[in-house]
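J.: Each chain, letter by letter, is given below.
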Amino acid sequence: DVKVTQSSRYLVKRTGEKVFLECVQDMDHENMFWYRQDPGLGLRLIYFSYDVKMKEKGDIPEGYSVSREKKERFSLILESASTNQTSMYLCASTQGSGAAGNTIYFGEGSWLTVV
Amino acid sequence: AQSVTQPDIHITVSEGASLELRCNYSYGATPYLFWYVQSPGQGLQLLLKYFSGDTLVQGIKGFEAEFKRSQSSFNLRKPSVHWSDAAEYFCAVCGLSGGYNKLIFGAGTRLAVHP
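Residue numbers (my numbering), protein chains in the order written: chain V, 1 to 115; chain E, 1 to 115.
Careful, some of the hints might be misleading.
As the list claims (entries may be wrong) - Here are the simulated DSSO-like cross-link-like pairs (lysine-lysine), alpha carbons at most 30 Å apart as the crow flies:
hint, chain 1, residue 1, chain 2, residue 2
1, E, K49, E, K68
2, V, K57, V, K3
3, E, K49, V, K55
4, V, K13, V, K71
5, V, K3, E, K49
6, V, K53, V, K71
7, V, K53, V, K3
8, V, K71, E, K68
9, V, K13, V, K53
10, V, K18, V, K71
11, E, K49, E, K61
12, V, K71, V, K3
13, V, K57, E, K49
14, V, K57, V, K70
15, E, K61, V, K3
Source of the hints: derived by calculation from the structure; they are not laboratory data.
Model the full structure from these sequences, guided by the hints.
T.: Now the structure itself:
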C-alpha cells in the first residue's frame with residue numbers, strides 16, 4: 001500500500017528556532033511536495049521537488065527551505081520559526097511528470113505551533 | 001491564472017439526505033480535476049478524479065462528480081449521506097505554473113452531518 005510518512009505529527013517550537021519537518025515516501029516517486037494548510041485558505045504549495053537535489057518554489061516559499069538528498073526523503077526547513085508559521089503542514093508525492101494524470105498521495109500532516 | 005473556488009465554507013445536512021458540494025475552476029485548457037476528503041487530524045484521501053472521457057465520474061465511498069465545461073464546474077454529489085462522511089472536502093485542479101504541473105486547491109468545504 002502507498003505510504004507517505006511524516007514522522008512528526010505534533011510539534012511546539014519557540015520563535016527563532018530552526019525547525020525540520022521530515023517526509024518519507026516508499027513508492028519510488030520522483031515528485032514530492034510540501035503544502036501548508038490554513039482554515040479558509042485551503043492548501044498552498046510551499047516547495048516541490050521533481051528529482052533528487054532539485055527543488056522549485058511554490059506559491060509561498062518565503063521563510064522556508066527544503067532539502068532532497070535522497071529520492072524517498074523530502075525535508076521542509078524553517079530557518080527561524082515565527083508565529084505566523086503556526087499551521088498544518090502536509091507532504092505529498094506523485095509519480096512521473098508532476099501532478100498531471102497522476103494521483104498525489106498525502107501524508108497525515110504535521111501540526112506545528114510556534115510560540 | 002488557474003484557480004479553484006468552493007463557494008460553500010460550511011454545509012450541514014441530515015443523515016440520509018442528498019449532498020452536493022460545489023466547485024468552480026478557472027483554467028485555460030482541458031483541466032485535470034480532483035476531489036479530496038480530509039477527516040479530522042488526517043491527511044487527504046483521493047475521492048475521485050477527472051482527466052477525460054465520460055463527464056460523470058464515480059469515486060470511492062459512493063461519491064460521484066460531474067464535469068461541466070460550459071459552467072467550469074466539477075460538483076461532488078452523494079445520494080445519501082452517512083454520519084461518517086463528516087469531513088472537509090477539497091476540490092483541486094492540476095495547473096501549469098513555472099513549467100511544472102501542480103495541484104491548486106480550493107479553500108475547502110466543511111461538511112457536518114446531523115443524525
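J.: Has the given pair, K49/E with K61/E, been kept, meaning a C-alpha gap of at most 30 Å?
T.: This hinted pair holds, its Cα atoms lying about 14 Å apart.
J.: If you draw a straight line from the CA of K53/V to the CA of K3/V, is it 30 Å or shorter?
T.: Holds. K53/V to K3/V sits at ~21 Å (cutoff 30 Å).
J.: Under the criterion that the straight-line Cα-Cα distance not exceed 30 Å, is the pair K18/V, K71/V satisfied?
T.: With Cα atoms ~23 Å apart, K18/V and K71/V stay inside 30 Å; holds.
J.: CA of K53/V to CA of K71/V, is that 30 Å or under?
T.: The hint holds at about 9 Å.
J.: Against the 30 Å threshold, does the CA-CA distance of K57/V and K70/V hold or violate the hint?
T.: 19 Å, holds
J.: Sort out whether K49/E lies within 30 Å of K57/V, counting only the CA atoms.
T.: 25 Å, holds
J.: Holds or violated: K13/V and K53/V, Cα atoms, limit 30 Å.
T.: 27 Å, holds
J.: Please verify whether K71/V and K68/E have alpha carbons no more than 30 Å apart.
T.: This hinted pair is violated, its Cα atoms lying about 38 Å apart.
J.: Given the hinted pair K49/E and K68/E, is their Cα-Cα distance within 30 Å?
T.: 14 Å, holds
J.: Holds or violated: K3/V with K49/E, Cα cutoff 30 Å?
T.: Status holds; Cα separation ~20 Å.
J.: Are the Cα positions of K57/V and K3/V separated by 30 Å at most?
T.: Since the Cα atoms of K57/V and K3/V sit roughly 24 Å apart, the hinted pair holds (cutoff 30 Å).
J.: Within a Cα-Cα threshold of 30 Å, do K71/V and K3/V meet the stated pairing?
T.: 14 Å, holds
When each numbered hint is compared with the structure, a violation occurs for hint 8 only.
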